Every structure is written in C-alpha cells, then in structure tokens.
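Chemist: Both chains are sitting in their own frames, so use the hints and assemble them into the complex.
Chains A and B are the protein sequences, given in the same order.
Each residue of the first sequence is one higher than the one before, counting from 24 in our numbering.
Each residue of the second sequence is one higher than the one before, counting from 41 in our numbering.
Hints are computed from structural coordinates only; laboratory data are not their basis.
Please read all numbers here as calculations on a predicted model, not as lab measurements.
Warning: the hint list may mix true and false statements.
Unchecked claim - A few chain B positions that, by computed beta-carbon distances, are all more than 10 Å from chain A:
(1) L63
(2) S142
(3) H189
(4) D192
Said to hold, decoys possible - Cβ-Cβ distance ranges computed for the label pairs, FRET-style:
(5) B/A67 x A/L87: 16 to 24 Å
(6) B/E236 x A/Q66: 33 to 41 Å
(7) A/L54 x B/K129: 19 to 27 Å
(8) A/Q66 x B/E195: 38 to 46 Å
(9) A/V149 x B/S142: 51 to 59 Å
Note that CB positions come from ideal geometry on N, CA and C, so glycine has one too.
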Amino acid sequence: MISHPRFYWGETGNDLTPPLFKLPIPASRALVPTGYGYVLPDQNGWSRYLHFQAAWVVVFTGLLYVIFALLSGHLRRNLLPGRSDLSWRAFSTSISSHLRFKRPSEVEAWSYNLLQRISYLFVIFVLFPLVIWTGLAMSPAFVSAFPATVNVLGGQQSARTLHFFVSLALVLFLLVHVAMIFLAGFWSRMRPMITGRAATPVERT
Amino acid sequence: MNDISRRKLITTGLAAAGGVLGLGVAARLAQEYGLIPPDHGGIYGLGETLTYASQRLLTRHSFAREFSRSQISKRPFANEIPPPSEAFKRLQAGAFADWRLSVSGMVARPSSFSLDQLKSYPSRSQITMIQCEEGWSYIAEWNGVPLSHVLDAVEAQPQARYVVYFSIYPDWWESIDMADAMHPQTFLTYGMNGDELPVAHGGPLRLRVPRQLGYKNVKYITHLTVTDSLKSFGKGLGSSAPEGGYSWYAGI
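Chain B extracted, bound-state conformation (with noise of 0.2 Å):
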C-alpha cells in the first residue's frame, strides 16, 4: 500500500468533487436544453438519456435520406394491425369524408381540420424509407402536408416543447418533440406512390417521421394534443411505446 500524500488526497478529492459537480451541471442543463427523454427512469435511463441527447444535437439540422423514384420498392410490407373499429369502418364507408384531425393544447386556435382541408395546404413530397425496429424496410412515395403547416395554422405557443399524436385505436399513442414536430420532413401523410394512403398503411392520415423507426409513424391520426409536458399523458412515459416496453425515442 503506497502512502498518501496530503498532497495528492486534496488534489484527489477535489477532482472528484469537481467531477460530481460536472455530472450535475451537465444534468442541469441536458434539463434546460430539453435533452432528458421521458422515459429516462429505470435501469437503462442513463443509455437511453445518453442516446436521445446526442442525437438530438447531432441531427439539429439534418435530413433523412431522400431517394430517386427508381428506388421506390415495388413491395411495400404493411404490418399487423388489429381489425378496424365500428367507428373506423364507418368512416371508411363514408370514403374519410367525416375524418376529421383534432388538435388542442397549448394552441391559440384549437381545430378541427377534415381531410379536404388538410389536402387543401401546400402539399409536400418526399420518397423516404421506413424502417421497422423489427428489421424490415421499404422506400415510398408519401405525400402530405408538413406538421409544421398545421401546428403554424392553429398557432401552436413558444413554451410547447411536444405534439402527441393519438390514433383511432386507442392504445396508440406517441409524441416527437417540437424539433422533431417542426422538421420539414415530418408530414401528416394522406399520399402514399402517387394514390390516396391505403388503409393498410395508415390511410386516410398517418404521421410521417422519417428520422425515427417506423412505430413513431402511427397510422390513423384523430388528434394532436400540442404539450409543454409528457407527464400527464398514459403512465408519462411520453407514449405508448414506453408503456409497453419500446424506448420512446426511435432514432436508432
């Protein structure tokens, strides 16, 4: 066993205390700049933190991937849903035309808005891939009006940090975050190669962003809900994803 020095005791102990105070400052502000994921408890906090917060800042201004029409795969998968509702299936007789995307919260203007009004903004189109957490993906065509258009429209206040986005089955449920939200590539989708948004990929109206896996994409959107906090959503976990098991942050 070497001696201490005093020397190398005081030297020691004030690096760690600084080391201490670092790791809370770094804390501090990873609160402040939004950096903390909602689901940023439990034993994988710290991984999942840690991956949220870099690639929030890595992506600041990035784009996903956007492909030549020659590259649009002729088989897009469409995955397992659970049979349609009453609701839904009336509303499919009625050919969507009683659809309707509700938002509210932390909005001046909260809306209803039908597809035809969602049809009649600026349309966007952008061929991206998918990318299922399972394994699989396909590039598409899609189709839509920028989120951010809709969240401008109803006046979405400086201080909302996230959009919730819910499905018509109830148990589905996610939100982005308002980088995420206002990215001019996340779409709310009623196009998918150039004809309406079949059922079976989320039509009339799906949630398109590109720089996450395919769960945050939900198919089937009826509301938005425009948040400063996750908390007071489900188990506040900041989506369903979290709640049955999936990391609500799906930029890997």
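Isolated chain A, as found in the complex (with noise of 0.2 Å):
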C-alpha cells in the first residue's frame, strides 16, 4: 500500500494509467507521483514475509475454530441468532439498546446480543472468507492454477482494491472489539478464554 498509494479497477494499473483513487500519503517507492516531496523507507521485504506467514496462521486456526464451531455445537448456540431474534422489532431493538448506551442484564450479558451475533457472523463467514479470496486472487502462481479466482473478481487490480477495502473492515471490527471488549470488563472477558472457565450468573447468585 505505501509502495503503491493507487488503486485501481480490472486487470492491470500502474504509475502511467490513473487511479480509481489514490492515498494521500508518501509512498516508499521515488516514481509513484505522490505529490510529497520525499520518500518513505521501504518495509515492504520483511512485511511480505511476516504477511504470509501471519496468512497460514489464519487459515489453519481459522480452520480449526470453524470445524470446531461446528462440531460443538458453538455456532448454532452462541453465535446463530436464536429464532425469536430473526425479526425486524428484535434487530430494531438492539440498534436503539445499543444507541442509548442501555446496560445489559446480568442474563443478558452471559450470551451475544443479537448485534454480536451478526457482526462475528459476518466476519467469520464473509470478511475473513473474501480476505483471503482477494489475497490469492494476486498470487499469479495461484491464478495460475485458478485462474476464476481472479477472472470472477473482474481482474487483479479489482482483487487488490477489493482486498484494501475488506482488510479495512477488519481493522474497524478489531479497534471496536477491542474497545467493546474493555467496556464490558478486560480481565472477566480475557480469563474464560485462557482457563476455560467463567462464573456464570446462577454460580454468583
């Protein structure tokens, strides 16, 4: 990205064609016209690295989590809305609970509010999904054996553009996951995750 601020749509793009729309940041390479008058280091050599190798741990936990999700029952359970949610009053709901900054019950807040249960829906089945499409769809020796995987997308410039934008979307939900998570209590979310075990609201009562 700071090697190349431009993004375009279709196949191909580079310096000489114009953009669908650039950064305006500097970038690390001296012929990209940027308009500022330096350039940034290049990082791009180790970040490549680090990036494919981050890439093979999301697949393979990604994965696991899924099959496991699956198999106990976690999906269906916690994160598939329940039948009463799947209405337009229950979804309008949430929004203004949400919006008035309205406290959860103790009962409640044991399992995902329905806005929850969208949000982890949507990014473990259609973000994490289309990242990682979008990311190969550039791979010219993955193309090479699945070409749809580029052709589908509308070329590998719109693959590059799409991947910027859900990448994006990804960083919004962890800078909000984030925040929510020490809204709600940092350490009575952190330690059910490590020892496997929470007081529920019946145990405290």
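Modeler: Laid out in structure tokens, this is it:
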C-alpha cells in the first residue's frame, strides 16, 4: 500500500494509468507521483514475509475454529441468532439499546446479543473468506492454477482494491471489538478465554 | 484437575510421538522433492516453506493467464533502474551486437550466445501480465526463446535443480527451480509488443517468469548457471532478493 498508494479496477494499473483513487500519503518508491517531496523507507520485504506467515496462521486456526464451532454446537448456540431474534423488531430494539448505551442485564450479558452475533458471523463467514480469496487472487502462481479466482472478481487490480477495503473492514472490526471488551471488563472476558472457566450468573447468586 | 488414566497417558503420548515423527517424515519428503526454499531459515522460514511447497505442488502443470491482443496495456510502466555502466553503454552503442549470454554449471556444453543466435532459435510469443510486488501491473506481448530450449541446447544435466541468472548489474541476480526453468512460458525475452525489447524494460535480454512477481524477471541477462544447490551463490539464500529482505519464491 505504501509502495503504491494508488488503487485501480480491472486487470492492470500502474503509475502511467489513471487510478480509481489515491491515498494521500507519501510512497516508499520514488517514481510514484504522490506530490510529497520525499520517499518513505522500504519495508515491503519483511512485511511480506510476515504477512504470508500470518496468513498461514489465520488459515490453520480459522479452519480449526470453524470445524470446532460446527461440531461442538458453538455456532448454533452462540453465534446464530435465536428464532425470536429473527425479526425487524428485535433488530431495531438491539440497535436502539446500543445507541442509548443501555446496559444489558446480567443474564442478557451472558450470551452474545443480536448485533454481536451478526457482526461475528459477518467477520467469520464473509470478511475472512473474502480477504483470503482476494489475497490469493493476487498470487500469480495460485491464479495460474485457478484462474477463476481472479477472473470472477474482474481482474488482478480489482482483487487488490477489494482486498484493501476488506482489510479496512477487518481493522475496523478489531478496533471496535477491543474497545467493547475494555468497556465490558477486560479481565472478566480474558480469564474465561484462557482458563475455560467463568462464573455463570447462576453460580454467582 | 482431572485424574489422568494410564490409558489416556499412553494414547496421548503415542499420538504426540506420532505427530512429531510425521512432521519429521514430511520434512524429509519435502527436502527430497525440492519443496524447501533456500530462504527457509529465520523466523519467517516456516511460513515461507509452507507457501513455496504448497504453491509448487499446485502449479505443476499450470499456465499463467494469457490475454487477448486488445488487453495489451497502452502504458506499460518501466520501473526505476540504476544508471547504466560504461560496459552497458558501449554494448548499447554497438546495437548490442556484442551482447553475450554465457551459460555454465551443470551443462555438458557450456556456451556463449549472441542475440542473433538466440533469435535464430524457434521464437514464441505470449501475452502475459507483469505484476510488481509494489502493487502495479501491465500486460504486454513478449517475444523470445523458451529457456527450456536453451537449456536443452547446452545439455543441462538431469541432476540440476536450479537455474541462476545474472544481470549486467552486479548486485542483481535471481534463481528459479527447474520446474519454472523448463516451463513453456519461461522465456529469454528480446521482443516486446512487436518491437525490440526497450532498454527501459530490460532490453536487450530479460528473463520472463510469468507465474511469479516482477522482481524475478531480471533485466539485462548476461549469464546463466545451472546448478543443484544454491548454497554457494551469494549468501546461500537463493538470490539477491532474500539478501535485500524479499522472499526467494515470488509466486505470491
């Protein structure tokens, strides 16, 4: 992104072709016409190594997580909205409660609310698969084996632009997610993740 | 804390041992089938190995996309290059009549080719994309001789595993494994979009490797070495790319 803060649509794009949009940042390559009088240091080498190693971690743990979630009932019990929540009334109530900063009751707070469920499902089943797909669509080797990966998206530069926006969405989710955890109580949320045990409302009374 | 039964302890222990053994076997097989990249050391080595091994297996018989004539980019971008040396300028002044591609290493007939000799071989063309790791790309028609043809002419030996290729710029050299070197789309390119390959784009001679990113497509090729080990070249990481912090394998 920093080595080429210009985004295109379709198959190709470079410094000589008009971009869909540009990021108003200096680049780490002198030939990119950013308008800034200087060039940032090149960090692409190690970042790419890290990025692709992290991608393997995401894929392995993600796969394990989804398989576990399906087999253990975690998906059905905790992530899929309950039948009573599948209505516009439930949805608008959830939104207005959030907008009014209404605190949930102890019992309500014990399971994920509707907006949480929708967000998590969207991140797990839409954003992550999309970020992986658009990423692979930029691999000349992977695409040589499976050209549909990039053809369906409209071309290599379309894949790059989509990958950028999907990663932005993931970063936004991460920021909101971490903020929410701090608001809800950091240690009360971290402890059960690590020890596997948490005091249920029933246990505490 | 649950009580651990003897049975559970034994089965878990066996499973763990089996897992470790399995990993060892996998590593040995990977080594045997050339699935371990030369830059497999360091903290990113595992990820890099997984990437190279999986993509190598996936792309045994795959072809980079070839486009139609109408998709050729009107504005192919030529990336920054350092100023040419005196040697290059002299060759350029002589219309590259004295340009030589020397081939050495594990070959029965080490040779030196002029551009005319390379052009006398059956030429092929491909309309493929150059994708730079920086993020930009363009499509062009490339004309040249498949590297496999040259490797056959010099009789590359069967135990060879890599082809190392050198630019006239001393610090720019790369290597590819034999699967990529013998691939029909891997060209020694001397023509672009119907004309002689422009100097800005690597003329008079560039190596095209369309299933990998742009930086493997080294410009101004003067020398090839066929080898079975990359350890004795530079720092033994495979090419000047890892020495500059970039991955040796650029399929992604």
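Chemist: Can we confirm that no CB of chain A comes within 10 Å of the CB of B/L63?
Modeler: 14 Å, holds
Chemist: If we take the beta carbon of B/H189, is the closest beta carbon in chain A still more than 10 Å away?
Modeler: Since the minimum Cβ distance to chain A is about 21 Å, B/H189 lies beyond 10 Å and the statement holds.
Chemist: Note whether the CB distance of B/E236 and A/Q66 lies within 33 to 41 Å or breaks it.
Modeler: Holds - the Cβ-Cβ distance for B/E236 and A/Q66, about 37 Å, lies within 33 to 41 Å.
Chemist: Is it correct that the beta-carbon of B/D192 has no partner in chain A closer than or equal to 10 Å?
Modeler: Non-interface label on B/D192 holds, nearest chain A Cβ at 23 Å vs cutoff 10 Å.
Chemist: Against the range 16 to 24 Å, how does the distance between the Cβ atoms of B/A67 and A/L87 compare: consistent or not?
Modeler: This hint holds: roughly 22 Å between Cβ atoms.
Chemist: State, for the Cβ atoms of A/V149 and B/S142, whether the hinted interval 51 to 59 Å holds or is violated.
Modeler: For A/V149 and B/S142 the Cβ distance comes to about 54 Å; the hint holds.
Chemist: Mind verifying the non-interface call on B/S142? Its CB should be farther than 10 Å from each CB in chain A.
Modeler: 29 Å, holds
Chemist: The hint says 19 to 27 Å between A/L54 and B/K129; measuring C-beta to C-beta, is that right?
Modeler: Once the Cβ atoms are compared, 22 Å apart, the range 19 to 27 Å for B/K129 and A/L54 holds.
Chemist: Look at the Cβ atoms of A/Q66 and B/E195 and judge whether their distance stays inside 38 to 46 Å.
Modeler: 44 Å, holds
The structure agrees with every numbered hint stated previously.
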